[in-house]
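Protein chains in written order, with the numbering used here: chain C, 59 to 213; chain P, 10 to 249.
It should be emphasised that the hints constitute simulated quantities derived from the structure, not laboratory data. This structure is a prediction, so every number in the text was calculated from the model and none was measured. Backbone N, C-alpha and C fix where the C-beta goes; we use that ideal spot for every residue, glycine too. Take every hint as true, because none was put in to throw you off.
Under the rule of at most 30 Å between Cα atoms (straight-line distance), these lysine-lysine pairs were calculated in the DSS-like manner:
hint	chain 1	residue 1	chain 2	residue 2
1	C	LYS82	C	LYS179
2	C	LYS132	C	LYS195
3	C	LYS104	P	LYS54
4	C	LYS179	P	LYS123
5	C	LYS82	C	LYS132
6	C	LYS178	C	LYS132
7	P	LYS123	C	LYS192
8	C	LYS104	C	LYS179
9	C	LYS192	C	LYS104
10	C	LYS179	C	LYS195
11	P	LYS54	C	LYS179
12	C	LYS195	C	LYS104
13	P	LYS54	C	LYS195
14	C	LYS195	P	LYS123
15	P	LYS54	C	LYS178
16	P	LYS123	C	LYS178
17	C	LYS179	C	LYS132
18	P	LYS54	C	LYS192
19	C	LYS178	C	LYS192
20	C	LYS104	C	LYS178
21	C	LYS82	C	LYS178
22	C	LYS192	C	LYS179
23	P	LYS123	C	LYS104
Looking from chain P toward chain C, a few residues come up when the C-beta cut is under 8 Å (computed):
hint	residue
24	ALA37
25	PRO49
26	PHE50
27	LEU55
28	ARG176
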Amino acid sequence: MLALLAFSHTTFAEPASGPAPAAKSAPARTAEAVVRRDLVQPLAAKESSRSRFSRASLPPQERRVRILDEQPGKDAEGVAFLRFAVDARHGFAADDDESQWRLATIVGCVYLDRNQVFVKKGDEYRPAAFLLGKNVKAAAETTCQPAQAQVAHAD
Amino acid sequence: MRVRSWLLTPLRGLVLVALAAGSMAITAASLAYFGEELAPFVLEKLPLPLEDVWMLALRVHVVAASVCLPGCILLSLGIVIRRPRLHRWLGRVTAAAVLLALVPSGLYLSWFAKGGAPSTVGFMLSGAIVATAMVQGVRTARARRFVEHRRWVLHVLAQLSVAVTSRAMLFAFDAAAVDENLAYLVSLWVPVVASFALVELLSPRTRIRTRTVTSTRRTHEAPVDARPARLLPYDLRRAG
Numbered sequence: 059m060l061a062l063l064a065f066s067h068t069t070f071a072e073p074a075s076g077p078a079p080a081a082k083s084a085p086a087r088t089a090e091a092v093v094r095r096d097l098v099q100p101l102a103a104k105e106s107s108r109s110r111f112s113r114a115s116l117p118p119q120e121r122r123v124r125i126l127d128e129q130p131g132k133d134a135e136g137v138a139f140l141r142f143a144v145d146a147r148h149g150f151a152a153d154d155d156e157s158q159w160r161l162a163t164i165v166g167c168v169y170l171d172r173n174q175v176f177v178k179k180g181d182e183y184r185p186a187a188f189l190l191g192k193n194v195k196a197a198a199e200t201t202c203q204p205a206q207a208q209v210a211h212a213d
Numbered sequence: 010m011r012v013r014s015w016l017l018t019p020l021r022g023l024v025l026v027a028l029a030a031g032s033m034a035i036t037a038a039s040l041a042y043f044g045e046e047l048a049p050f051v052l053e054k055l056p057l058p059l060e061d062v063w064m065l066a067l068r069v070h071v072v073a074a075s076v077c078l079p080g081c082i083l084l085s086l087g088i089v090i091r092r093p094r095l096h097r098w099l100g101r102v103t104a105a106a107v108l109l110a111l112v113p114s115g116l117y118l119s120w121f122a123k124g125g126a127p128s129t130v131g132f133m134l135s136g137a138i139v140a141t142a143m144v145q146g147v148r149t150a151r152a153r154r155f156v157e158h159r160r161w162v163l164h165v166l167a168q169l170s171v172a173v174t175s176r177a178m179l180f181a182f183d184a185a186a187v188d189e190n191l192a193y194l195v196s197l198w199v200p201v202v203a204s205f206a207l208v209e210l211l212s213p214r215t216r217i218r219t220r221t222v223t224s225t226r227r228t229h230e231a232p233v234d235a236r237p238a239r240l241l242p243y244d245l246r247r248a249g
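Please model the complete structure; the sequences and the hints are all you need to start from.
As structure tokens, this is what we get:
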């Protein structure tokens with residue numbers, strides 16, 4: 059077991075395109091690019107230098123971004139955002155084996171106008187820098203919440 | 010018997026070297042808990058009630074662990090066993106670190122372990138074995154019942170080794186893409202139970218007190234059976 063640990067080499071999480079839908083809207087394509095640039099790539103770079111000898115979850119082999127909305131929704135402040143999910147592939151089997159993927163290991167939303175990415179942690183959303191180790195505070199309660207949902211919640 | 014001894018002696022050495030290497034790797038990985046940035050293990054746990062208390066417990070735990078496992082490894086080496094005064098003092102430091110820091114902080118951390126209640130129970134069981142075995146180890150050493158002492162402290166070393174073996178298992182399970190929570194539970198429970206069973210299997214079945222010093226006065230002379238330690242082949246050295 060220890061020999062396996064010592065001599066195994068992992069390929070660190072690189073963003074994967076995954077089985078992308080045939081047609082994506084322009085906002086969805088932009089949102090995916092922002093999530094890759096501001097979250098997935100920095101996370102992979104950080105994990106490449108991380109010790110494996112921790113009880114934390116081991117870094118995946120690769121990640122893929124799924125944008126969950128074709129068109130942006132608006133929060134209570136009227137700012138547009140799109141929701142996303144990041145899937146992670148663990149194990150050394152072929153990457154086309156869908157069973158190797160853990161779905162939605164990270165979820166969050168992107169504000170395209172502000173170029174901001176937020177990730178969900180518990181019941182709160184925090185800036186993506188949180189997953190990169192920055193101790194950032196939770197965003198406002200309206201963040202990533204569609205305005206209608208908040209009205210319903212208030213009722 | 011001679012053949013088994015030939016096999017067991019290098020095996021014992023390999024186990025100790027692997028544990029020492031694992032201990033160093035864990036300590037190196039734990040340095041991340043003292044930086045300004047949040048370590049991945051911490052990120053996974055947040056949000057937590059009494060976050061500062063949890064963080065303090067984690068830091069106490071990793072500092073204590075960085076002393077306890079190497080301490081137990083050193084204590085099992087013949088070169089230390091042949092030096093009673095060194096063995097005694099190193100034993101005191103290790104026992105104090107285990108009972109006052111490692112186990113209490115570990116018990117607190119276990120409430121928030123990944124995997125829920127089964128995981129919490131697993132960590133608590135391991136902690137209980139360590140605490141009980143360490144107390145008994147100290148008591149039997151003070152009573153100069155060194156055969157029993159060796160059995161109890163072996164339990165301590167075996168449970169501390171779970172830190173290394175469970176991480177190795179986690180790595181293997183991740184390579185096989187096993188479900189994360191299942192992998193975590195199996196990687197905890199199997200080493201805890203197997204380590205306990207292994208020590209019981211390899212220790213003498215009866216409590217041999219033939220070497221107990223008849224005088225009740227404690228002395229600072231060398232332990233009666235302070236010869237090069239054998240971690241594993243107790244059964245080979247059993248009387249008769």
